[in-house]
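K.L.:
Assemble chain U onto chain S, guided by the hints.
Listed here are the chains, written in short residue letters.
There are 2 protein chains.
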Amino acid sequence: MELKSYIRNIPDFPTKGVNYKDITPLLLDPDAMSLAVKLFMKQLPHTNIDKVVGIESRGFFFATLLAERLNAGFIPVRKPGKLPHSTHAEDYDLEYGSDTLEIHEDAIKRGEKVLLHDDVLATGGTAEATCRLIERCGGEIVQCNFLVELEFLKGAEKIKQYGVSSLIRYS
Amino acid sequence: MELKSYIRNIPDFPTKGVNYKDITPLLLDPDAMSLAVKLFMKQLPHTNIDKVVGIESRGFFFATLLAERLNAGFIPVRKPGKLPHSTHAEDYDLEYGSDTLEIHEDAIKRGEKVLLHDDVLATGGTAEATCRLIERCGGEIVQCNFLVELEFLKGAEKIKQYGVSSLIRYS
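If you read the protein sequences in the order shown, they are chains S and U.
Note that this note's numbering has the first sequence beginning at 708, numbered continuously upward.
Note that this note's numbering has the second sequence beginning at 708, numbered continuously upward.
Bound conformation, chain S alone (with noise of 0.2 Å):
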């Protein structure tokens, strides 16, 4: 079973000129979900896992799924004004502007060990700020890993220093 095969290519979404790589062929299909997250489980380095991060919302779908397998905690990283509770906040660089992701500020322990997983790892931004979020609770990024990676936007250089992983590149 070839997990690319299950990605659906829509030209021009969300904008002209951009290749949108639907990731919802795959979640129809158990088989590959199951295929996927036995594929992450592999990749993670031999560690123990207190905490899986997932960023809104596509990140969700796979880091509720690892967090179960790891007997880890579940974090949902989000919007601004989502959380309810008390946050920590970092801004990010889109191609026009900018924009926030935030985290609760009790979510992690200092020392802990975390996870971090989005759908696609695109130019790295979102990724960048959610691993300064992790910090700012004290938390140690074990690794950072995406069912898609886009290495054409060269993302994965940000985070390198947490170690990247990714299931289906396009280069």
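These are calculated hints, taken from the structure and not from any lab test.
All of these numbers come straight from a predicted model, not from anything done at the bench.
Certain hints may be false.
[Stated by the list, open to error] Cross-link-like lysine-lysine pairs, in silico, DSS-like; alpha carbons within 25 Å at most: (1) Lys789/S with Lys867/U; (2) Lys789/S with Lys786/U; (3) Lys816/U with Lys723/S; (4) Lys789/S with Lys711/U; (5) Lys789/S with Lys723/U; (6) Lys745/S with Lys745/U; (7) Lys816/U with Lys861/U.
[Claimed, not checked] Stretch by stretch, here's where chain U covers chain S in the computed footprint (C-beta under 8 Å, at least three residues): (8) 719-729; (9) 733-743.
We put the beta carbon where it would ideally sit given N, CA and C, even for glycine.
P.N.:
Frame of chain S; chain U shown alone:
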């Protein structure tokens, strides 16, 4: 273990007078997560389930876990403009104004058995709109389940024909 003890009450969030139920402490505890999945499974009707629909975005947390447990496909129902392929759309009423949810048209095959999941059942507007989406795709809803039910808002009445199940109730 009492699941309700993992829900954090946030007064006046997101607006004055609303007592927000924060489920993130439950997500942080792998034992509580695992108990919730077990209880969801126990309350399902005894029938084969082909697809699990989760409503954006907190509905995604448990919908993927339930899909995995059921060996079913997972379908995200999302806010407008997020799903890249052909969609059905349904509006639902909010306290002031209305909003829209979308589903990929090809996510469900005619006659497939579908479980709907969301984190909180409040007035039932989003759940009802999602039921319409599932039926427009030709799906047969076997149950609507929720981590939290705010019984005083009577949302269950809107979707009672499908069977409603919830783990934590506030009356």
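K.L.:
Confirm or reject each hint.
P.N.:
Checked hints:
no. : hint                   : in the structure
1   : Lys789/S with Lys867/U : violated, 29 Å
2   : Lys789/S with Lys786/U : holds, 15 Å
3   : Lys816/U with Lys723/S : violated, 31 Å
4   : Lys789/S with Lys711/U : holds, 21 Å
5   : Lys789/S with Lys723/U : holds, 15 Å
6   : Lys745/S with Lys745/U : holds, 22 Å
7   : Lys816/U with Lys861/U : violated, 31 Å
8   : 719-729                : holds (count 4)
9   : 733-743                : holds (count 6)
When held up to the earlier numbered hints, the structure conflicts with 1, 3 and 7 and fits the remainder.
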